[in-house]
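What follows is each chain in one-letter form.
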Amino acid sequence: MVMNIDIAKKVIKAAIKQAQEMDRLCSVAIVDDRGVLVALHRMDHAPIPTVDIARDKAWTASTFRMPSSDIGKFGDPSTPGFGFNTQNWNDRLTTIPGGLPIQDGDEVIGGVGVSGGTPEEDVTVCRAALATVFASN
Amino acid sequence: MKEITLEMAEKMLEAAERWAELSGFPSSIAVVDKAGAVIAIHRMDGAGPMTTDISINKAFTAVYSGAPTLMLARAIDPRMMGKTLGSGGLGLLTQAKLRLMFIPGGNPLRDEEMGVIGGIGCSGIPDGVGEISDTTAVQAGYAALYDEYD
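Chains A and B, in that order, give the protein sequences.
Quick note: to get the working numbering, add 57 to the position in the first sequence (first position is 1).
Quick note: to get the working numbering, add 348 to the position in the second sequence (first position is 1).
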């Protein structure tokens, strides 16, 4: 399966529904397997910065093939790899939880990023959206 | 109508996408609010990675300048130098943290009092190839807004 605009719209719709149930105002971003934005919606009155934060989370989850919260482990000074977050090699990398890779089996086909609530709430929204859309697969 | 809602933005995207489809060139279309912040963006299947940020920046530029990006393209057109606008147009290039876009395809959205309430931008349809351009697609989005909510 390849990421396309129809899947992206479905995931966004499910995420926004979940956010409404939780009474949160969110932005939801979907990127493809290269980290390129496919669709992004910002709910009415959601704060402006959530747009870019959601996009950053989706980019991170998709390109690293792991939840954006896992990127934090590279910031542990006692492990190899420490310092890559100071390399200034891009401005999309984020360690804030709320970005999840979208998977078709083992293959990562994209990423979803949510911003608007607390990091835990954002992850809940992501999980709920992916569970709704990919439940049948 | 004072504010663009997500629902309105989706209606506009739908209309603009229909025209992009007609042109045969997949494109990205973005709707922004009066602050120039993205409300919704869709990148159609097959549209290049570059089109996402260009469409956002076109919509942003339309809001920021209050004019279609077609006008800004004219402002920095080398053929205009020393005539009506002079070389002052080049001063625009470095504004807004280099986010200003001087390519046609971004239009501001206005309310009844002609205040700017948002912008719409499209990127992906080459100019002058067919009868439909980026500007046509955003005008279709604009029209959908006013059909629905006037």
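Simulated from the structure, these hints should not be mistaken for laboratory data.
These numbers were taken from a predicted model, which means no experiment stands behind them.
Just so you know, not all the hints are guaranteed correct.
[As the list claims (entries may be wrong)] Here are the computed distance ranges between Cβ atoms for each label pair:
no., chain 1, residue 1, chain 2, residue 2, range
1, A, Thr189, B, Gly396, 56 to 66 Å
2, A, Glu164, B, Gln443, 24 to 34 Å
3, B, Glu496, A, Lys70, 12 to 22 Å
4, A, Thr189, B, Thr353, 16 to 26 Å
5, A, Gly138, B, Met428, 22 to 32 Å
6, A, Asp163, B, Pro397, 48 to 58 Å
7, B, Met428, A, Asp148, 28 to 38 Å
8, A, Met79, B, Asp475, 36 to 46 Å
9, A, Met79, B, Lys350, 19 to 29 Å
Think of the CB as a built atom: it goes at the ideal place given N, C-alpha and C, for glycine as much as any other residue.
Cross-check of the supplied hints:
1. A:Thr189 / B:Gly396: 56 to 66 Å: About 30 Å separates the Cβ atoms of Thr189 of chain A and Gly396 of chain B, which means 56 to 66 Å is violated.
2. A:Glu164 / B:Gln443: 24 to 34 Å: Given about 43 Å between the Cβ atoms, the range is violated.
3. B:Glu496 / A:Lys70: 12 to 22 Å: Once the Cβ atoms are compared, 20 Å apart, the range 12 to 22 Å for Lys70 of chain A and Glu496 of chain B holds.
4. A:Thr189 / B:Thr353: 16 to 26 Å: holds (23 Å)
5. A:Gly138 / B:Met428: 22 to 32 Å: Distance hint for Gly138 of chain A, Met428 of chain B is violated at roughly 53 Å.
6. A:Asp163 / B:Pro397: 48 to 58 Å: Given range 48 to 58 Å: violated, Cβ gap about 25 Å.
7. B:Met428 / A:Asp148: 28 to 38 Å: holds (34 Å)
8. A:Met79 / B:Asp475: 36 to 46 Å: holds (44 Å)
9. A:Met79 / B:Lys350: 19 to 29 Å: Check passed, 27 Å falls within 19 to 29 Å.
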